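Chemist: Sequence:
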Amino acid sequence: MNSPSLLFPKVLLLGCSVALSACVGKGTHQQVVDERDGLRRELSTLSKSREALEAERLALIAETEALRETSNDLEERVVRLRRERSDLENTLKEREAELEREIQKLSGTYDGLVSDLEAEVSAGQIQIEQLREGLRLNLSQEILFATGSARLNGAGRSVIATVAARLADLEHRVEVQGHTDNVAITGALALRYPSNWELAAARASEVVRLLEREGVGAERMTAVSYGEHYPVAPNDSPEGRARNRRIEIRLLPEPSGR
Numbered sequence: 002m003n004s005p006s007l008l009f010p011k012v013l014l015l016g017c018s019v020a021l022s023a024c025v026g027k028g029t030h031q032q033v034v035d036e037r038d039g040l041r042r043e044l045s046t047l048s049k050s051r052e053a054l055e056a057e058r059l060a061l062i063a064e065t066e067a068l069r070e071t072s073n074d075l076e077e078r079v080v081r082l083r084r085e086r087s088d089l090e091n092t093l094k095e096r097e098a099e100l101e102r103e104i105q106k107l108s109g110t111y112d113g114l115v116s117d118l119e120a121e122v123s124a125g126q127i128q129i130e131q132l133r134e135g136l137r138l139n140l141s142q143e144i145l146f147a148t149g150s151a152r153l154n155g156a157g158r159s160v161i162a163t164v165a166a167r168l169a170d171l172e173h174r175v176e177v178q179g180h181t182d183n184v185a186i187t188g189a190l191a192l193r194y195p196s197n198w199e200l201a202a203a204r205a206s207e208v209v210r211l212l213e214r215e216g217v218g219a220e221r222m223t224a225v226s227y228g229e230h231y232p233v234a235p236n237d238s239p240e241g242r243a244r245n246r247r248i249e250i251r252l253l254p255e256p257s258g259r
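Residue numbers (the working numbering): 2 to 259.
You may find that some hints are simply not true.
[Unchecked claim] Straight line, CA to CA, 25 Å or less: simulated SDA-like cross-link-like pairs of lysine to any residue:
#1 106 - 85
#2 106 - 163
#3 94 - 133
#4 106 - 159
[To be verified] What follows is a set of in silico ranges between Cβ atoms, one per label pair, in the way DEER data are often shown:
#5 234 - 78: 52 to 62 Å
#6 225 - 192: 35 to 45 Å
#7 45 - 71: 33 to 43 Å
#8 166 - 234: 26 to 36 Å
#9 90 - 56: 46 to 56 Å
#10 116 - 95: 48 to 58 Å
#11 66 - 254: 19 to 29 Å
#12 190 - 98: 20 to 30 Å
#13 183 - 83: 56 to 66 Å
What the hints contain is simulated information worked out from the structure, not anything from laboratory work. None of the values given here were measured: they were computed from a predicted structure. For each residue, glycine too, the CB sits at the ideal point set by N, CA and C.
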């Protein structure tokens, strides 16, 4: 049997062993807890990073899709613009070809009028000018009307009939302009023509009516009075006033859409 003196050291050793074991276990537990908390924080950080990356990925996908749609729209627009340009080029070529045909036809009309009215052109009574898209005939009043009259004389009717024969087959609009000098109308004539406006209008209308009777379509023609307001020469001399008393016949291109 052990004596009390021998038991005391054993109890003391056992107590120390238990205390030491408790101290070691407590330190290890705290370390584990700290590591666990650290891992949790790291996991939380990684989770947030993953969410941010996922959001960025989705944003890039959306941006890529938007760019793809924009690219498709641009390609479609390029195709459409190329088609429109091709259509415009074809239209332009057709218009240029049509214009060239009109110019050639007008050139033939010009040559024919110059030939038909050679005597009047040589005498300076008629001037014929070929324009880019039409013709202009300047006919002196003296060859068409008596002074103060709006009725064509014999020579005037012959000239207008000759002009009508050349214009009848064209598609151009025909504008007949009446022009006068600046001498005021007086006496009994003023009762019929109060001013040069009325006299110029009556003369232009007389020419239009004869052109229509000679085969030029009425729907193509317009009679216009300019009175004394578009002179081609100063009105301070008999020669200048004579030049201003005139009928102008202009061939104009048909407006687009007709």
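Chemist: Each hint should be assessed against the structure and marked as holding or not.
Modeler: Hint-by-hint comparison with the structure:
With a C-alpha separation of about 31 Å, the suggested pairing of residue 106 with residue 85 is violated against the 25 Å cut-off. In summary, the hint linking residue 106 to residue 163 is supported, as the alpha carbons are separated by about 17 Å, within the 25 Å threshold. Proximity of residue 94 to residue 133 is assessed by CA-CA distance (about 17 Å); at most 25 Å being required, the pair is judged to hold. Between residue 106 and residue 159 the alpha-carbon distance is near 23 Å, which keeps this suggested pair within the 25 Å criterion.
The hint said 52 to 62 Å for the Cβ distance between residue 234 and residue 78, and at roughly 58 Å that hint holds. A hinted range of 35 to 45 Å is violated for the C-beta pair residue 225 and residue 192, which are about 24 Å apart. Distance hint for residue 45 and residue 71: a CB-CB separation of about 39 Å, consistent with the stated range 33 to 43 Å. Taking 26 to 36 Å as the suggested C-beta distance range, the pair residue 166 and residue 234 conforms, at roughly 30 Å.
One distance hint, 46 to 56 Å for the beta-carbon pair residue 90 and residue 56, holds here, with the actual separation near 50 Å. For residue 116 and residue 95, the hinted distance range of 48 to 58 Å is not satisfied, since their beta carbons lie about 32 Å from each other. For residue 66 and residue 254, the Cβ-Cβ distance of about 53 Å falls outside the hinted range of 19 to 29 Å, so the restraint is violated. The given range of 20 to 30 Å is broken by residue 190 and residue 98, whose C-beta atoms sit roughly 52 Å from each other.
Distance hint check for residue 183 and residue 83: the Cβ-Cβ separation is about 59 Å, which falls inside the suggested range of 56 to 66 Å.
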